[in-house]
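S.K.: One letter stands for each residue in the lines below.
Protein chains: 2
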Amino acid sequence: MANSGKVSGAVVRRLPGYYRYLCDLERDGLVRISSQELGSRMGLTASQIRQDINCFGGFGQQGYGYNVSELRKRIGEILGLDEQYSMVVVGAGNIGQGLAKYSGFRRQGFVVKAMFDRHPEHIGAQADDVAVLPVEELEEYVRENQIAIGVITTPAASAQQICDVLVKGGVRAIWNFASVDLNVPEGIALQNVHLSDTLMVLSYHMRNQRPKD
Amino acid sequence: MANSGKVSGAVVRRLPGYYRYLCDLERDGLVRISSQELGSRMGLTASQIRQDINCFGGFGQQGYGYNVSELRKRIGEILGLDEQYSMVVVGAGNIGQGLAKYSGFRRQGFVVKAMFDRHPEHIGAQADDVAVLPVEELEEYVRENQIAIGVITTPAASAQQICDVLVKGGVRAIWNFASVDLNVPEGIALQNVHLSDTLMVLSYHMRNQRPKD
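Chains as they are written, first to last, in this note's numbering: chain H, 1 to 213; chain D, 214 to 426.
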């Protein structure tokens, strides 16, 4: 087993990209790929690729490239994708419902078990097969169903409180879409997806780099 | 006017965070804030804050801190948020519909004008007030309605082709949610939001940093 405990955050953030590219290559029937070729597809240098992959132990032989299936499988294991994760989505608004219904996550092993909302008009509504439950039941539900990931799509003002309840219930990770930075105790994984932030980066570039007209 | 043309990508990616924090502070009625205080809220050092903000010209006076409203307004201008942007969403699946219906973007000046889809069963359906049109009409619609931003939520396999059509129609920016890295010509802004990638980073951390049990 490679020692993946010391891997830098930047390498970890690149791993899903490797996984995506390797899945595509495997689907296209490619058996081996060189670090040069993989790098040119991913917009990285061959040496960067070799360094990243070496973090996880010995893959490939100098001059022979990597076995695509083997490397895809091993990176999947490193990413923990050989396990299934149950999730709850808190906040049954449009973004929450979109995420809960999206089948792509389920295919990758991330399964939404229930949604929660504070507003009665949402409660009981079904986002496809996912029930919307009252937020008062959140902590108990998380504990009893051993939910691994709490997805937060509430307004910013209630996000930290919901996060605390999820952590108290026993989730191991928070996937936050609320427009606020959250605090979690050590040992709990956190990813913030600030959708509006990426839109603002787009408008920045439109303002500062207008196309010639 | 500050020369914001030479600002690094890292500073640009931090700007929406500044904007968010300053909006919250303004809402809470705070008039002035020091770089120390802003830094401690944002998890940055005071010197980092001063450096970032100095990229955009002279704000605040040594020892007096920043005027919250003024700085919020100026960063909003730098981000181009004093303008309204029209968007189309291509791909009327769950993620696409969630984004199209979400009112938060509209409040920030990003307005979805129409959705497009290839599949007849989605076409004509209404995501609230947004019509779903056939993808064959995309290029003409973008051109005639001077759409600024194309949002792509299609399967990975068709995303690059849709991107090319959007660019041909005249969009200035692409907001990509498809699970593939896209190529755009120079002068077109691009932000990839690979939702699955952030989920995989969560599962990596769950695999590699299990809570003590």
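I should point out that these hints are in silico values taken from the structure, not numbers from a laboratory. Glycine is no exception: its CB is placed at the ideal position from the N, C-alpha and C atoms. Misleading hints may appear alongside valid ones.
Computed beta-carbon distance windows for the label pairs [to be verified]:
{"id": "1", "chain 1": "D", "residue 1": "G270", "chain 2": "H", "residue 2": "Q36", "range": "40 to 48 Å"}
{"id": "2", "chain 1": "H", "residue 1": "E37", "chain 2": "D", "residue 2": "D377", "range": "40 to 48 Å"}
{"id": "3", "chain 1": "D", "residue 1": "A344", "chain 2": "H", "residue 2": "I123", "range": "24 to 32 Å"}
{"id": "4", "chain 1": "D", "residue 1": "Y277", "chain 2": "H", "residue 2": "K168", "range": "41 to 49 Å"}
S.K.: It remains to establish, for every hint, whether it holds in the given structure.
M.R.: Going through the hints against the structure:
| no. | hint | in the structure |
| --- | --- | --- |
| 1 | D:G270 x H:Q36: 40 to 48 Å | holds (44 Å) |
| 2 | H:E37 x D:D377: 40 to 48 Å | violated (24 Å) |
| 3 | D:A344 x H:I123: 24 to 32 Å | holds (29 Å) |
| 4 | D:Y277 x H:K168: 41 to 49 Å | holds (42 Å) |
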